[in-house]
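Asks: Heads up: the sequence lines are chains A and B, in that order. Count the first sequence with the working numbering and you get residues 621 to 962, in order. Count the second sequence with the working numbering and you get residues 30 to 125, in order.
Treat the hints as calculated values from the structure; they're not laboratory data.
Label-pair restraints from in silico Cβ distances:
1) A:V870 to B:M62: 47 to 55 Å
2) A:V870 to B:L71: 52 to 60 Å
3) B:T68 to A:I711: 21 to 29 Å
4) B:L49 to A:T686: 37 to 45 Å
5) B:A41 to A:G642: 29 to 37 Å
Which stretches of chain A does chain B cover? Using the computed rule of at least three CB atoms under 8 Å from a CB of chain B, they are:
6) 677-684
7) 746-755
8) 825-837
Quantities reported herein were computed from a predicted structural model and do not represent experimental measurements. Glycine included, C-beta positions come from ideal geometry on N, C-alpha and C.
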Amino acid sequence: MRLEIYLDRGNGSSKILPIVEGEKRATFKIPSVTRKMEPFQDGIMFLKSGQVYLCGEPAIKTFLGTRYTPLDNNDKIRELAVVVAAALIEIFPGGGPVELSLGISSPIFHQGIEREIIKELSKLETGFRYEGRDYVVLLERVGAFQEGVIFLDLNPAFNGVIDLGQGTLLAGFRHPEEGVKTLPLSDGNRGGCNLIISSLLSDDRFLKAVKSAGFSAAPCPDKLSSLLSNGRWQFKEIDFRNFLKPYMKVPKQRLENAVQAIKTELKNASPYEDIVPRIAFIGGGSSLIRCVGGDAAERWCERHHLELLKDSPDYQTVYQMYAASQLDPSRLMRVSARAEAA
Amino acid sequence: MTNRLYVHRTQALEALLQELWRLRPELKDKAAMTVYMGTAALLREVKLSAAAMNGAVVSSGQVGKPAVETLIGVKGVAMPSSMDLSCEPHPNEQWD
Chain A
621 MRLEIYLDRG NGSSKILPIV EGEKRATFKI PSVTRKMEPF QDGIMFLKSG
671 QVYLCGEPAI KTFLGTRYTP LDNNDKIREL AVVVAAALIE IFPGGGPVEL
721 SLGISSPIFH QGIEREIIKE LSKLETGFRY EGRDYVVLLE RVGAFQEGVI
771 FLDLNPAFNG VIDLGQGTLL AGFRHPEEGV KTLPLSDGNR GGCNLIISSL
821 LSDDRFLKAV KSAGFSAAPC PDKLSSLLSN GRWQFKEIDF RNFLKPYMKV
871 PKQRLENAVQ AIKTELKNAS PYEDIVPRIA FIGGGSSLIR CVGGDAAERW
921 CERHHLELLK DSPDYQTVYQ MYAASQLDPS RLMRVSARAE AA
Chain B
30 MTNRLYVHRT QALEALLQEL WRLRPELKDK AAMTVYMGTA ALLREVKLSA
80 AAMNGAVVSS GQVGKPAVET LIGVKGVAMP SSMDLSCEPH PNEQWD
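Please take these sequences and the hints and turn them into a complete structure.
Replies: Here is the structure:
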């Protein structure tokens, strides 16, 4: 089967848009956590190396193996092949040969990043095996895109964007002459929803409620992040939203700083014009803030020139990557051509 | 060091190659890729056959031995799976 995947590997969950034989399929998420297992254990086995991994929910529900998430060292390319393999299993549960083209977002975007991605994906060469089913992968095209900030490329009505994810806060703005630019934020890395999640998991009030509801333990950070990302707010009498409210101050403060940084850049770029900021607020964190804060959060966003996107804010990066590739197919480059150029 | 593999293009192989290249014309000028993919497919098949035959074929010298080495691991020794190693359910299970 010919498959294109647009994959936004978040620190918490990876967002995936599959295009099978040219037909757009439903988006889905996989928790980004992976575990490197012993060769004899169950999991995704790469036939080239014999290495075995778990990814997503199976990796959350075991104590075994070496755990990794991009939040550990902000490296979203490491073990990307495992997430891609898990996505292929979800798309083609029966296995089979796959001619794969891949669009990948990265918060750190630089010339030649495709080469790093291709090197990581070479683990998929000769295929992998999962629960007795074989997958043969021929990597055809790969393209890298600037995570979050790509939103501005195809949405000229906005002059700024903020992407609040699980681990990072990304911002970009539109310079009148120089086009879309990424804005380095001093509190961007590890400045996402992970702060809220770690605070909640050490909150006495929350832990007491967990015990009263009859749970033997609170969910681990990976699990809680996955639940929130999938909009699971209520468990028995526990409503996560009530416990999360007191912790929204920190991300809000960081968002305010990011908005201020965008305003300053817009002003510096056009000092003699009165530019009205129009900042798209995307990423899983934007859904979290809206769901926890309700109408008050929407009003707060309005006051800060932030526009909450109603339509799947956490899937915006994959949608934009797909749209950009449709407009310019050369955004995904042939793997063989790159190898020859290298 | 590069190991060169010389393959005699017999009529049977030529016919297979022509069929492959008709289906996948982009592989036509990539003999190394063709051989690589062919070898990988063969290796997979051998491993699957070994798995299917595991326990069905035992050589006379191996009868009675508790553990027999095969292409896919050691037969006769129970392979612990992730389930075996963690008998108790993971605490995250209750949050599904």
